[in-house]
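Protein chains in written order, with my numbering: chain C, 1 to 313; chain D, 1 to 204; chain F, 1 to 431.
Be aware that one or more of the hints could be misleading.
[Unchecked claim] DSS-like mimics (lysine-lysine), calculated; alpha carbons at most 30 angstroms apart, straight line: (1) D:Lys125 to C:Lys19; (2) D:Lys162 to C:Lys37; (3) F:Lys384 to F:Lys321; (4) C:Lys66 to C:Lys248; (5) D:Lys74 to D:Lys162; (6) D:Lys168 to D:Lys74; (7) D:Lys168 to C:Lys36; (8) C:Lys149 to C:Lys248; (9) D:Lys168 to C:Lys37; (10) C:Lys149 to C:Lys253; (11) C:Lys66 to C:Lys37; (12) F:Lys384 to F:Lys405.
Worth flagging that the hints you see were computed from the coordinates, not collected in a lab.
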Amino acid sequence: MIGRDLLAISDLTAEDLWKILETAEHMQEVGRRDIKKVPTLRGRTIINLFFESSTRTRTSFEIAGKRLSADVVNFSSSGSSLSKDESILDTALTLEAMAPDVVVVRHGVAGVPRRIADALDAPVINAGDGAHEHPTQALLDLFTVYQEKGHLEGLSVAIVGDILNSRVARSNIHAFTKMGAEVRVAAPPTMLPVGVESLGVKPCTSLREAVDGVDVVMVLRIQLERLSGALFPSVREYAATFGLDREKLRYAKDDVIVMHPGPVNRGVELAPDLADHRPSVILEQVRNGVALRMAVLYLIAGRAPAPIAEPKQ
Amino acid sequence: MPNEPTVRTEETPARIETRPGDRVVLDNRGIQRALARIAHEVVERNEDLSNLYLVAIPNGGVPLARRLAASLEKIAEQDVLVGVLDTTLYRDDLVASGERPALRRTEMPSMVDGRIVILVDDVAKTGRTIRAAMDALMDFGRPSRVQVVALIDRGHRELPIKIDYVGKNIPTHPQETVELRGYDGSDDDPLEVVVHAEVEDAAS
Amino acid sequence: MKRVLIQGGRVLDPQSGRDEVCDVLVEGGKIAAVDREIAAEGCEVIDAGGCWVTPGLIDLHTHLREPGQEYKEDIASGGRSAVAGGFTTVACMANTHPVNDDPSVTDYILDRALHDSPARVFPIAAATQGLKGELMTEMHALVAAGAVAFSDDGKTIMDAGVMRRVLDYAHGVGRPVIVHAEDCTLVGEGVVNEGLVSTRLGLPGNPATAEVIQVARDLHLAELTGCHLHVAHVSTAGAVDLIRAARDRGIFVTAEVTPHHLALTDEATLNFDTNAKMAPPLRSAEDRDACRRGLADGTLDAVATDHAPHAVQEKDVEFTKAPPGIIGFETAIPVVLDLVREGILSPLELIRRMTINPARILHLEYGTLTPGVPADITLIDPEKSWVYDPAKGYSKSRNSPWTGKPMQGRVVSVLVGGEPVYDVERGILTP
Numbered sequence: 001m002i003g004r005d006l007l008a009i010s011d012l013t014a015e016d017l018w019k020i021l022e023t024a025e026h027m028q029e030v031g032r033r034d035i036k037k038v039p040t041l042r043g044r045t046i047i048n049l050f051f052e053s054s055t056r057t058r059t060s061f062e063i064a065g066k067r068l069s070a071d072v073v074n075f076s077s078s079g080s081s082l083s084k085d086e087s088i089l090d091t092a093l094t095l096e097a098m099a100p101d102v103v104v105v106r107h108g109v110a111g112v113p114r115r116i117a118d119a120l121d122a123p124v125i126n127a128g129d130g131a132h133e134h135p136t137q138a139l140l141d142l143f144t145v146y147q148e149k150g151h152l153e154g155l156s157v158a159i160v161g162d163i164l165n166s167r168v169a170r171s172n173i174h175a176f177t178k179m180g181a182e183v184r185v186a187a188p189p190t191m192l193p194v195g196v197e198s199l200g201v202k203p204c205t206s207l208r209e210a211v212d213g214v215d216v217v218m219v220l221r222i223q224l225e226r227l228s229g230a231l232f233p234s235v236r237e238y239a240a241t242f243g244l245d246r247e248k249l250r251y252a253k254d255d256v257i258v259m260h261p262g263p264v265n266r267g268v269e270l271a272p273d274l275a276d277h278r279p280s281v282i283l284e285q286v287r288n289g290v291a292l293r294m295a296v297l298y299l300i301a302g303r304a305p306a307p308i309a310e311p312k313q
Numbered sequence: 001m002p003n004e005p006t007v008r009t010e011e012t013p014a015r016i017e018t019r020p021g022d023r024v025v026l027d028n029r030g031i032q033r034a035l036a037r038i039a040h041e042v043v044e045r046n047e048d049l050s051n052l053y054l055v056a057i058p059n060g061g062v063p064l065a066r067r068l069a070a071s072l073e074k075i076a077e078q079d080v081l082v083g084v085l086d087t088t089l090y091r092d093d094l095v096a097s098g099e100r101p102a103l104r105r106t107e108m109p110s111m112v113d114g115r116i117v118i119l120v121d122d123v124a125k126t127g128r129t130i131r132a133a134m135d136a137l138m139d140f141g142r143p144s145r146v147q148v149v150a151l152i153d154r155g156h157r158e159l160p161i162k163i164d165y166v167g168k169n170i171p172t173h174p175q176e177t178v179e180l181r182g183y184d185g186s187d188d189d190p191l192e193v194v195v196h197a198e199v200e201d202a203a204s
Numbered sequence: 001m002k003r004v005l006i007q008g009g010r011v012l013d014p015q016s017g018r019d020e021v022c023d024v025l026v027e028g029g030k031i032a033a034v035d036r037e038i039a040a041e042g043c044e045v046i047d048a049g050g051c052w053v054t055p056g057l058i059d060l061h062t063h064l065r066e067p068g069q070e071y072k073e074d075i076a077s078g079g080r081s082a083v084a085g086g087f088t089t090v091a092c093m094a095n096t097h098p099v100n101d102d103p104s105v106t107d108y109i110l111d112r113a114l115h116d117s118p119a120r121v122f123p124i125a126a127a128t129q130g131l132k133g134e135l136m137t138e139m140h141a142l143v144a145a146g147a148v149a150f151s152d153d154g155k156t157i158m159d160a161g162v163m164r165r166v167l168d169y170a171h172g173v174g175r176p177v178i179v180h181a182e183d184c185t186l187v188g189e190g191v192v193n194e195g196l197v198s199t200r201l202g203l204p205g206n207p208a209t210a211e212v213i214q215v216a217r218d219l220h221l222a223e224l225t226g227c228h229l230h231v232a233h234v235s236t237a238g239a240v241d242l243i244r245a246a247r248d249r250g251i252f253v254t255a256e257v258t259p260h261h262l263a264l265t266d267e268a269t270l271n272f273d274t275n276a277k278m279a280p281p282l283r284s285a286e287d288r289d290a291c292r293r294g295l296a297d298g299t300l301d302a303v304a305t306d307h308a309p310h311a312v313q314e315k316d317v318e319f320t321k322a323p324p325g326i327i328g329f330e331t332a333i334p335v336v337l338d339l340v341r342e343g344i345l346s347p348l349e350l351i352r353r354m355t356i357n358p359a360r361i362l363h364l365e366y367g368t369l370t371p372g373v374p375a376d377i378t379l380i381d382p383e384k385s386w387v388y389d390p391a392k393g394y395s396k397s398r399n400s401p402w403t404g405k406p407m408q409g410r411v412v413s414v415l416v417g418g419e420p421v422y423d424v425e426r427g428i429l430t431p
């Protein structure tokens, strides 16, 4: 059930996911208006608490909050004490004292949003924690696929790249399997977590096998700075074996779409012409991100605390 | 994505379901008569009918606005624009409600600037929905005039809002509910307005 | 001469194999007699009805943090917590600041223990200087100062050549080398067991193989050198199997397992609780069950708590940054009693692994109720229900996964050298 916080797709039911998507569809209409702003969260304060830099996600949350008339304050690691030795809980409690109505947390270590949620009264939205989850990214991906395909059940989705270190992959695996889609993951075995089948997906060690007959290919960003020389021998070899180009995409369905959470390493995980044109829907993903985050903020932010139970007679 | 929101639940019952404590205060014929009368009043009070824009407040306002538009089109012998405007994002009670209400469809096929906008709702009570609808409307532009149709006016106004066209005044107890039933997306469905008194449900 | 009679308890003395309701007479701080219906004249009587009367428990793997990290624990608080958990004797690891790699540090610890601790404390000295895994320590001098074993616990001596020399030399000294066996190159950044849980949480995994490989290497080196190897906190089925096979081949190896590796699995980390972060990590249910079987069949000789206090602010951080380990004295008995309740071990065999077995590993005279030995005695009410709250315990730290959990079984009374040092109602009885 959609609870106080949004921390992980694994906490949600298919019904919850549908409710969020349905709400996002209405928010999309708001985004098409001349005046793209509604007064829903007027007087509410959203704090974007980003311990790890992210222009895209942060901006998307900021625009979403502002379109709902909330005041959005950004608190990121550069230019604040976050980069120093202040503990995450101290930072969070300091912010709490400023009475935000919702706190959006991004952190490089899995589990931090949950720890912060435990410590705060305000609801917390996970904007990405380590390699754990990135629920709003998966929701906007679901939303994009739903709008492209008109349904989710029975679709085949291939997720290609560093599954081991990807929160986007984990959240999308949960999201698409809950919606009844078939999910395959493809990467060199060094980038597949142990027992990944336990998440309900089929592991593939070749791109050809992964994209065969699929409706959606989701390409993950390769962290060149982190992984080069560690999980794969060279960018050249990775691009040749797991980089997606039109040739390799031939094995997918004719109406396949290609997704990427961005930013794209052109010519590494994705061929440049694929990144820019259909069947790629990368910009739709970004566009849908705002509507989706408006939906999440609407459903979560500024809700009154549960009423105090009447004493029993 | 779930279906377009409807007044009724998903399975369409053969007849409108009655529940213990129900009292039908306006049946389908009564509704048609009321809308026909309102159409004539609209024509009397607005000389330039080409500028009319009916804006329905979902859910109940949607079938009523369509029927009202059909009546107006017969009288005026010209097309009448119908839009749908969800007021949920403009409500003043969102914080109070634990679970956020589901949003409904907004579909505004034309600009509202310079038009005579007639808001159509099924039941008027406190006036708060009309207030929200007017705020929402202003975000879509600057109508030349705004008028309000309500099929039922229950009274109990909490804001200084006047209903221009009332189908029927029905005095009710504030705890009773008044709802339009029967709409499942098709304009030909029979409708009725039901007053539902709060009945102690043994099961709950 | 003061005489204390412990009357009517179920006496469990693994060394003699005694498991019966009888009395224990303490005279002049030593066990005087264990028998049925000893006359009570002139005795201070302790009614032990409904309780187990066992030799004082011995914990051969603890971290008392003094010198250097007294904000986590010191010998006084650690000693009090130990007796509150029924442990009358504890051996403390060398990873203090400064490291216990010099007789002066060993002296200091023993001096503090003498004055501050209600429990007996035996220092384990570092195997290599500064725990750096390079140069071995002055083992003869350290033993002369009172060290009972050698260990770089917390770290693994990765250089096999160094490890071989450490074992060779320690063999000459006649003391065991205790190993924290994890191949750190394989552990990498791992903070939870590599498996379904790490895959789900996206936390870096520490594979069971990291322990298995290291245990295999050290068993071969023990075979090569003939030295007594003691494997600390065994956590994997693979290590249990290797140790069992090595013992069958005649290799001088002993091993211990912690209450938390016997009770919990990596699923305890699913909510990112840093109090479920351990080194080695909590493993899969299969590994836990293998450890239970290993303890039951004697492959694992001892239960040791690996009591590892950390301050709240150190644990209340990102999962990856939190130091591993938990406090363990006061929860040990109720947690391991589950093994008895589940029929995995008899009471006598459980107590054997917490008394005489660790005593033998460390060459100590305690852990028995044999007449003539110092009267270290623990009374346990195996049925008593209570709720664990570390704030009401004696450790300075509170890092426990059992906080707020219902417990069954509790230490109710403890004697060291015949003197009552702890009582569940009155608390610590010595200064």
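Each hint tested on the structure:
A hinted pair counts as satisfied when its Cα atoms are at most 30 angstroms apart, and Lys125 (chain D) with Lys19 (chain C) qualifies at roughly 29 angstroms. Note on Lys162 (chain D) and Lys37 (chain C): the hinted pairing holds, with a Cα-Cα distance of about 27 angstroms set against a maximum of 30 angstroms. Pair hint Lys384 (chain F) plus Lys321 (chain F) does not hold up; C-alpha atoms about 37 angstroms apart against a cutoff of 30 angstroms. This hinted pair does not check out: Lys66 (chain C) and Lys248 (chain C) have alpha carbons roughly 41 angstroms apart, beyond 30 angstroms.
For the hint pairing Lys74 (chain D) with Lys162 (chain D), the CA-to-CA distance comes to about 27 angstroms; that is within 30 angstroms, so the pair holds. Our distance criterion of 30 angstroms between C-alpha atoms is met by Lys168 (chain D) and Lys74 (chain D), whose separation comes to about 23 angstroms. Proposed proximity of Lys168 (chain D) and Lys36 (chain C) is contradicted: the alpha carbons are some 37 angstroms apart, above 30 angstroms. Annotation: proposed proximity of Lys149 (chain C) to Lys248 (chain C) holds, straight-line Cα distance about 21 angstroms (limit 30 angstroms).
Restraint check for Lys168 (chain D) and Lys37 (chain C): not satisfied, since their Cα atoms lie roughly 36 angstroms apart, outside the 30 angstroms limit. Proximity of Lys149 (chain C) to Lys253 (chain C) is assessed by CA-CA distance (about 12 angstroms); at most 30 angstroms being required, the pair is judged to hold. Distance check on the hinted pair: Lys66 (chain C) and Lys37 (chain C) sit about 7 angstroms apart at the alpha-carbon level, within 30 angstroms; holds. Simply put, Lys384 (chain F) and Lys405 (chain F) have alpha-carbon atoms about 14 angstroms apart, close enough for the 30 angstroms limit, and the pair holds.
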